[in-house]
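For the protein sequence lines, the chains are E and R, in the order given.
Quick note: the first sequence uses full-length UniProt numbering, first residue 1, plus one each step.
Quick note: the second sequence uses full-length UniProt numbering, first residue 1, plus one each step.
Some hints here could point you the wrong way.
[Unchecked claim] If the Cβ cut is set under 10 Å, some of the chain R residues that face chain E in the computed set are:
hint: 1; residue: ARG19
hint: 2; residue: LEU23
hint: 3; residue: PHE45
hint: 4; residue: ALA46
hint: 5; residue: TYR50
hint: 6; residue: VAL74
hint: 7; residue: ARG84
hint: 8; residue: ASN87
hint: 9; residue: PHE122
hint: 10; residue: LEU123
hint: 11; residue: ARG131
hint: 12; residue: PHE133
hint: 13; residue: ARG162
hint: 14; residue: ALA166
hint: 15; residue: GLY171
hint: 16; residue: ARG181
Please keep in mind that the hints were generated in silico from the structure rather than gathered at the bench.
Model, not experiment: these values are computed from the prediction.
C-beta atoms are modelled at their ideal positions from N, C-alpha and C, and glycine is treated no differently.
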Amino acid sequence: MFSVGYYPGCSLEGTARDYAASIEGVCRLLDIELVELDDWNCCGATAAHSLDHDLSVALPARNLHLARQQGLKDLTAPCALCYNRLKSAEKALKKKAAQAAGADEDPQVRVWDLVDYFSQPSIVREIERRLVRPLHGLRAVCYYGCMVNRPPKITDALAWENPTTMDRLLEAVGAEVLDWPFKTDCCGASHAVARPDLVSALVGKLLKRALDQGAHAVVVSCQMCHANLDLYQPRIVQQQGLASSLPVFYFTDLIGLALGETKARDWMKRHRVNGEPVLTSVGL
Amino acid sequence: MNEVMDEVVLEPNYDATKRILALSGIQPELCYQCRKCTSGCPLTFAMDYYPDQIVRYLLLGLEDKVLSSATIWVCSSCETCTTRCPNDIDIAGLMDYLKQQAHAKGLVDPRQNLTYAFHKAFLEDIARRGRVFETGLMQRYMLSSGAWKAKLADGTLWDEIRLGVALWSRGRLPLRPRGVRHLAEVQRLFAKPTQCREKKDTSASL
Numbered sequence: 001m002f003s004v005g006y007y008p009g010c011s012l013e014g015t016a017r018d019y020a021a022s023i024e025g026v027c028r029l030l031d032i033e034l035v036e037l038d039d040w041n042c043c044g045a046t047a048a049h050s051l052d053h054d055l056s057v058a059l060p061a062r063n064l065h066l067a068r069q070q071g072l073k074d075l076t077a078p079c080a081l082c083y084n085r086l087k088s089a090e091k092a093l094k095k096k097a098a099q100a101a102g103a104d105e106d107p108q109v110r111v112w113d114l115v116d117y118f119s120q121p122s123i124v125r126e127i128e129r130r131l132v133r134p135l136h137g138l139r140a141v142c143y144y145g146c147m148v149n150r151p152p153k154i155t156d157a158l159a160w161e162n163p164t165t166m167d168r169l170l171e172a173v174g175a176e177v178l179d180w181p182f183k184t185d186c187c188g189a190s191h192a193v194a195r196p197d198l199v200s201a202l203v204g205k206l207l208k209r210a211l212d213q214g215a216h217a218v219v220v221s222c223q224m225c226h227a228n229l230d231l232y233q234p235r236i237v238q239q240q241g242l243a244s245s246l247p248v249f250y251f252t253d254l255i256g257l258a259l260g261e262t263k264a265r266d267w268m269k270r271h272r273v274n275g276e277p278v279l280t281s282v283g284l
Numbered sequence: 001m002n003e004v005m006d007e008v009v010l011e012p013n014y015d016a017t018k019r020i021l022a023l024s025g026i027q028p029e030l031c032y033q034c035r036k037c038t039s040g041c042p043l044t045f046a047m048d049y050y051p052d053q054i055v056r057y058l059l060l061g062l063e064d065k066v067l068s069s070a071t072i073w074v075c076s077s078c079e080t081c082t083t084r085c086p087n088d089i090d091i092a093g094l095m096d097y098l099k100q101q102a103h104a105k106g107l108v109d110p111r112q113n114l115t116y117a118f119h120k121a122f123l124e125d126i127a128r129r130g131r132v133f134e135t136g137l138m139q140r141y142m143l144s145s146g147a148w149k150a151k152l153a154d155g156t157l158w159d160e161i162r163l164g165v166a167l168w169s170r171g172r173l174p175l176r177p178r179g180v181r182h183l184a185e186v187q188r189l190f191a192k193p194t195q196c197r198e199k200k201d202t203s204a205s206l
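Hey, can you work out the whole structure from these sequences and the hints?
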């Protein structure tokens, strides 16, 4: 039984409830207890670091402070941007503490990107041990996006140009993972609302390459990437003249499916692009 | 570059970069114009000046020119430039600094700049309950920016409605917001005067 702090972030209790359901489901299957950070607040996201630097540190710093108070040693953040903002605050607080020795803000909470958390050898072994339905025949490209990797000074990522952690998790559940060049290219992130034209151009490029590569699906770990690739896909396919649509799964959807969770299909049904045809075509 | 009548004076002016260093710790003057930032930037197609040009203009003291550029708002903060800069200049951080300055000085109009309008509505939402309620945020952004009128005119409002229905039918469009219990703690963070807000134009809200 593992136990870990959980910072869902605003969208996981809103439009990304499908992601939250798959994370909670997979953790139940693997006996990982998710301890939600009590009274957490928004990390400030792109808005805070765009308009107010101090606030962009102070908002996530409150969450780190709460985590310490609540005795959480590890804190997972499924949202890539929340993760990035928590890590930025952690680094800023460390710098401040180094300048003023003995300062009370000495962060002892380890902030984890969810893929990194699941990629720990002990959890991968658990996944392999409980595997009941290997995803043989499913060809996938893993899309990591920006914020869990860049800048490495903040994220402590070891392979920021060519990450492989999600690839290995998917391989562990039997999927065929394709190499492709856009693992960490930007999807447009928060531009989705105000500048959909920018998101269309960027996501169009990603989907086209994934299709050219022969992928059955794109796999993501960030609900922002998911929204841009999945929710807006009908419009983007039309505007960019793409050959077909491409289901976008969370890595936790596919782990759940491979572990034999019957609800995994329900999690995926909540995405906008229907993944059923692809899954049935490969016998899943 | 100071443009005096027809004469162009190619003298660097470090006033702007000194201020940037003092407020953000970023040193644009380390740039040797290798253009690696621009080469890796995914959004140059929508920029009026490339990232290397923004840095160059700052070194020439032309801060006003970059504060009014489209580039700073087109930047998606994907951090590719910052990660790859051989001189370790935080270029995405520089874009943030410039956005913060434009905001603090009241140089941006939310009705002319939808990205800015969205950020503003987002921060206001956090100040309201400590967490963002996406359903309400979208409505407020649409109304405050006037974006709904443009969407109605070009027909994309129906796409938004279809998306809303798709989310609703999948249980992904909550109608009730959740907030933090100790809201005063979060609101205190907003009340604290910050480097940028000290200089803020008093007519600007938030």
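Exercise for review: Output the numbers, in ascending order, of every earlier hint that fails for this structure.
Suggested key: 1, 5 and 8
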